Amino acid sequence: MPAADTGAVSTAQHPMNATVLVVEDEVLIRVAACDELRARGYVVIEAVSADEALSVLRSPVQVNLVLTDLKMPGAMDGAALVKLIRAEFPFLKVIMVSGQAPDPAIRALLDGYFPKPVAPSEIASFLQQLTSARVTKSDDRERGSLAS
Amino acid sequence: MHPKQVILVVEDEILIRMVVAEYLRDCGYRVIEAASADEAMVILQHLEIDVEVILSDVEMPGFMDGFQLSQWLSANRPGIDVILTGSVSRASEAAAELCDSGPIPKPYEPKLAADRIKQLMALRAARRKKQG
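Chains A and B, in that order, give the protein sequences.
Number 148 marks the last residue of the first sequence (the working numbering); no jumps.
Number 132 marks the last residue of the second sequence (the working numbering); no jumps.
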């Protein structure tokens with residue numbers, strides 16, 4: 001029984017309960033991005049480091065998309081996380097958001113890349129496109145553009 | 001349309017934080033997640049969000065633990081209620097001093113936290129009504 005049901009309903013289209021794992025160590029950026037994604041109907045899991053993200057990915061929880069920062073504290077940064085995801089979870093879609101552009105080798109592994117700063121709504125719109133469209137060319141991945 | 005009541009969950013163990021936060025969202029609350037007391041402080045100081053209850057682990061890495069966070073809240077944000085979770089002895093010590101009710105010992109079912117929050121919300125509502 002909901003304890004605090006307020007009847008608030010999002011008018012955004014529900015993206016079929018897709019689960020997004022957001023990996024971001026800057027708390028205010030993470031909260032803003034996660035709020036936006038939840039408002040659009042995504043189930044969102046928040047990780048503050050690549051290590052936390054791996055704990056989630058290796059748990060029974062099913063994740064559909066990973067949105068990760070590049071520079072993060074801990075044993076692994078975003079680039080190492082992307083490589084690991086491609087090796088262990090090849091079907092996961094991975095989008096990077098970073099102030100510093102990733103190496104071309106890493107970028108080639110991504111389904112999308114957004115330079116910071118970026119509006120959470122821009123990322124959310126891209127994820128909605130990504131869940132319903134296929135990215136076909138790596139050259140089209142920067143700043144979330146999708147191949148037609 | 002009323003805004004959702006806001007809970008801040010402060011927990012450094014991702015698999016616990018994830019499950020508890022999602023359970024509380026399913027109960028209809030707006031839940032903000034912090035992985036440390038330091039993150040909780042940043043949220044409280046920078047976001048204009050009316051947090052009503054904080055569910056915080058006692059033992060966490062970083063500049064502050066849950067006990068110190070409770071002390072800061074008691075001095076600076078007395079309108080926010082705190083529920084502590086964690087090892088019984090340490091949490092009991094902290095809770096006796098800073099909280100109305102006892103701590104939630106780990107491991108715990110998310111429903112237990114939700115029930116405790118619901119009770120606190122009812123108390124807060126009664127308090128508000130009394131104050132007019």
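Hints listed in this document are in silico derivations from the structure and should not be mistaken for laboratory results.
Owing to the predicted nature of the structure, the values given are computational and were not obtained by experimental measurement.
For glycine and all other residues, C-beta sits at the position ideal for the given N, C-alpha and C.
Each hint should be verified, as a subset may be incorrect.
[As the list claims (entries may be wrong)] If you want the footprint, here are the derived chain A segments under chain B, 3+ residues with CB under 8 Å:
| # | region |
| --- | --- |
| 1 | 43–53 |
| 2 | 79–87 |
[As the list claims (entries may be wrong)] With a straight-line Cα cutoff of 25 Å, these simulated DMTMM-like cross-link-like pairs (lysine to aspartate or glutamate) come out:
| # | chain 1 | residue 1 | chain 2 | residue 2 |
| --- | --- | --- | --- | --- |
| 3 | A | K93 | B | E22 |
| 4 | B | K118 | B | E48 |
| 5 | B | K106 | A | D51 |
| 6 | A | K83 | B | D38 |
| 7 | A | K71 | B | D50 |
| 8 | B | K111 | A | D111 |
| 9 | B | K4 | A | D111 |
| 10 | A | K116 | B | D50 |
| 11 | B | K129 | B | E22 |
| 12 | A | K93 | B | E48 |
| 13 | A | K71 | A | D51 |
| 14 | B | K118 | A | D51 |
| 15 | B | K4 | A | D51 |
| 16 | A | K116 | B | E48 |
| 17 | A | K116 | A | D35 |
[What the hints assert, rightly or not] Footprint (simulated), chain A over chain B, 3 or more residues, beta carbon under 8 Å:
| # | region |
| --- | --- |
| 18 | 27–34 |
| 19 | 39–49 |
| 20 | 102–112 |
- prompt: How about the region 102–112 of chain B: do at least three of its residues have a C-beta closer than 8 Å to a C-beta of chain A?
  reply: violated (count 0)
message: Does E22 of chain B sit within 25 Å of K129 of chain B, going by the straight-line distance between their CA atoms?
response: Answer violated: K129 of chain B to E22 of chain B is near 30 Å, above 25 Å.
task: Starting from K116 of chain A, check that the Cα of E48 of chain B is at most 25 Å away, please.
output: Between K116 of chain A and E48 of chain B the Cα gap is close to 23 Å, so the pair holds against 25 Å.
query: Given the proposed pairing of K93 of chain A with E22 of chain B, does the C-alpha separation stay at or below 25 Å?
result: At roughly 22 Å apart (the allowed maximum being 25 Å), E22 of chain B and K93 of chain A satisfy the hint.
- prompt: Is K118 of chain B close enough to E48 of chain B, meaning Cα to Cα at most 25 Å?
  reply: Distance of about 23 Å is within 25 Å: holds.
query: Going straight from one Cα to the other, do K71 of chain A and D51 of chain A come out at no more than 25 Å?
result: Holds - the C-alpha atoms of D51 of chain A and K71 of chain A are around 13 Å apart, at most 25 Å.
- prompt: Is the Cα-Cα distance between K118 of chain B and D51 of chain A 25 Å or less?
  reply: Given pair K118 of chain B, D51 of chain A is violated - Cα atoms ~33 Å apart, limit 25 Å.
- request: Sort out whether D51 of chain A lies within 25 Å of K106 of chain B, counting only the CA atoms.
  value: 22 Å, holds
message: Check the hint pairing K4 of chain B with D111 of chain A against an upper bound of 25 Å on the C-alpha distance.
response: 34 Å, violated
task: With a C-beta cutoff of 8 Å, work out whether three or more residues of the region 43–53 of chain A approach chain B closely enough for the coverage to hold.
output: holds (count 6)
task: Verify the proposed pairing of K116 of chain A with D35 of chain A, using a straight-line Cα cut of 25 Å.
output: 18 Å, holds
query: How does the coverage statement for the region 79–87 of chain A fare against chain B, requiring three or more residues with Cβ below 8 Å from a Cβ of that chain?
result: Result for this restraint: violated, n = 0.
When each numbered hint is compared with the structure, violations occur for hints 2, 6, 7, 8, 9, 10, 11, 12, 14, 15 and 20.
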